[in-house]
Amino acid sequence: MLAHMPSAANGPVIEFRNVSFAASGAAVLTGLNLQVERGETLILLGRSGSGKTTTLKLVNRLLTPSAGEVFVNGVSNAIGDVIRLRRRIGYVIQDAGLFPHFTVERNIGLVPKIEGWPEEKTRGRVRELLQIVGLGEEMAPRYPHQLSGGQRQRVGVARALAADPEILLMDEPFGALDPLTRDELQREFLGLQRSLQKTVVFVTHDLREALRLGSRIALIESGRLVTALAPADFVRSEDFRVSAYVRAFGDALPPAKDRGMS
Amino acid sequence: MNVFQFMLQNSSQVAGLTLEHLWLVGVSTLFAMLIGIPLGIVIAHRPRLNKPVLASANIIQTIPSLALFGFLLPVPWIGERADRLAILALTLYALLPLIRNTYTGIRGVDPAVLEAGRGMGLTDRQLLFQVELPLALSVILSGVRVAVVISVGLATIAAAIGAGGLGEFIFRGLAMVDSSVILAGAIPAALLALLADLGVGWVERSLRPR
Chain A
8 MLAHMPSAAN
18 GPVIEFRNVS
28 FAASGAAVLT
38 GLNLQVERGE
48 TLILLGRSGS
58 GKTTTLKLVN
68 RLLTPSAGEV
78 FVNGVSNAIG
88 DVIRLRRRIG
98 YVIQDAGLFP
108 HFTVERNIGL
118 VPKIEGWPEE
128 KTRGRVRELL
138 QIVGLGEEMA
148 PRYPHQLSGG
158 QRQRVGVARA
168 LAADPEILLM
178 DEPFGALDPL
188 TRDELQREFL
198 GLQRSLQKTV
208 VFVTHDLREA
218 LRLGSRIALI
228 ESGRLVTALA
238 PADFVRSEDF
248 RVSAYVRAFG
258 DALPPAKDRG
268 MS
Chain B
850 MNVFQFMLQN
860 SSQVAGLTLE
870 HLWLVGVSTL
880 FAMLIGIPLG
890 IVIAHRPRLN
900 KPVLASANII
910 QTIPSLALFG
920 FLLPVPWIGE
930 RADRLAILAL
940 TLYALLPLIR
950 NTYTGIRGVD
960 PAVLEAGRGM
970 GLTDRQLLFQ
980 VELPLALSVI
990 LSGVRVAVVI
1000 SVGLATIAAA
1010 IGAGGLGEFI
1020 FRGLAMVDSS
1030 VILAGAIPAA
1040 LLALLADLGV
1050 GWVERSLRPR
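As they're listed, the protein sequences go chains A and B. So in our numbering, spot 47 of the first sequence is number 54, and the numbers just go up one at a time. So in our numbering, spot 48 of the second sequence is number 897, and the numbers just go up one at a time.
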């Protein structure tokens, strides 16, 4: 095995090399090879149980591969301190997973605080983030149960961005929202991504969401990567598994000329 | 002579025995918390241990209290003094509600919250002290409440082995067939249980996250 040097800025930010994952004997993910480039939004698309969330959790080592390796910035993520690794990677999940006993401000400021930022700097960062995700400063002292679903998810995104990580992992972040709120958050996500240029891995089963947000879409089926294509190529793909997925969404898709744009 | 006249005439003794009673309950509850809460934390994180630990605490709970005092009599150092023995027995009885509630409270924390915390890079320790324990606190404190109330009642039996406390009046009254003497022990004990319940309940409410 060659030693992997931290990559130059042009290498893939995340790379799966022959990664498999099995839980209690059953294969969840098999032989995954995939690269995520700097600044792109890679969508992991697939039905429930296909292994897309597993793939995501392998990046921040919430799960450890049973075979193969995951590289983050050219270094295997099995090397080194897992806590450090996770603090460099933002993580957003469905329903946000906010700490119910913390105010919005403490939720967002938790990682900076345990990283030992001075209090004033943390407070400034929280204000800045609230603005970035489109929440007013008056939200800071509220508790999660006093917020709407959309507001909670915004706080979840702000929290993930707190320590300015290079990578953002998002596991169906907008899955539990009503269609209008989802649309709004998707739009804001695009704006955010344009200005922040994070490397994002985004899990969803919603093809519309994938086409709208992704710079590439990786279709995963029964633990195997089918293909990873740009949205425009994805909808035109001849692969029967891709076309089956696209057909399943059928009329619900926006007209062809809008696909893969935004 | 009715119970209130009796209590008035023996007020210093009532006060002394009440203090003794409080001491037995207080010290044993403290010990039980020091053992039971960490044990509850451990079994919440190691599912394999939860059955044996909870079963043991359950079994202790089923031993009749007088018998337990008897069993502990031959234990060196402990058996030498009645109050040590009483404290040990009361501690053992208070373990179950503390272990079980700590376990239940921690297991009840939303897995999504834990996963988010872990994904953000909290260490196990930070997760425990910043997330799990604060969120489990009200369940743990209601365990403390149950433990205290049980202890106040059980501590009256400690008088049978000469450990003092309000049980003295109860046993004396039984021997004298004098209900006002029995009540002179029983009423303060009941009040004590009530006050302890209210007290821990108050702590619980003032610490509860909104």
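These aren't lab readings, by the way, just hints derived from the structure by calculation. Idealized CB from N, CA, C, for every residue including glycine. Any given hint could turn out to be false.
[Unchecked claim] In silico EDC-like links for lysine to aspartate or glutamate, alpha-carbon gap of 20 Å or less:
| hint | chain 1 | residue 1 | chain 2 | residue 2 |
| --- | --- | --- | --- | --- |
| 1 | A | LYS120 | A | GLU173 |
| 2 | A | LYS120 | A | ASP102 |
| 3 | A | LYS64 | B | ASP959 |
| 4 | A | LYS64 | A | ASP102 |
| 5 | A | LYS64 | A | GLU44 |
| 6 | A | LYS64 | A | GLU47 |
| 7 | A | LYS120 | A | GLU135 |
| 8 | A | LYS120 | B | ASP973 |
| 9 | A | LYS120 | B | GLU929 |
| 10 | A | LYS64 | B | GLU964 |
| 11 | A | LYS120 | A | ASP88 |
| 12 | A | LYS120 | A | GLU47 |
| 13 | A | LYS64 | B | ASP973 |
| 14 | A | LYS64 | A | GLU228 |
| 15 | A | LYS128 | A | GLU112 |
[Stated by the list, open to error] Part of the chain B face toward chain A, derived, beta carbon under 7 Å:
| hint | residue |
| --- | --- |
| 16 | GLY957 |
| 17 | ALA961 |
| 18 | GLY968 |
Q | Earlier hints that do not hold, by number | A | 2, 9, 12, 16
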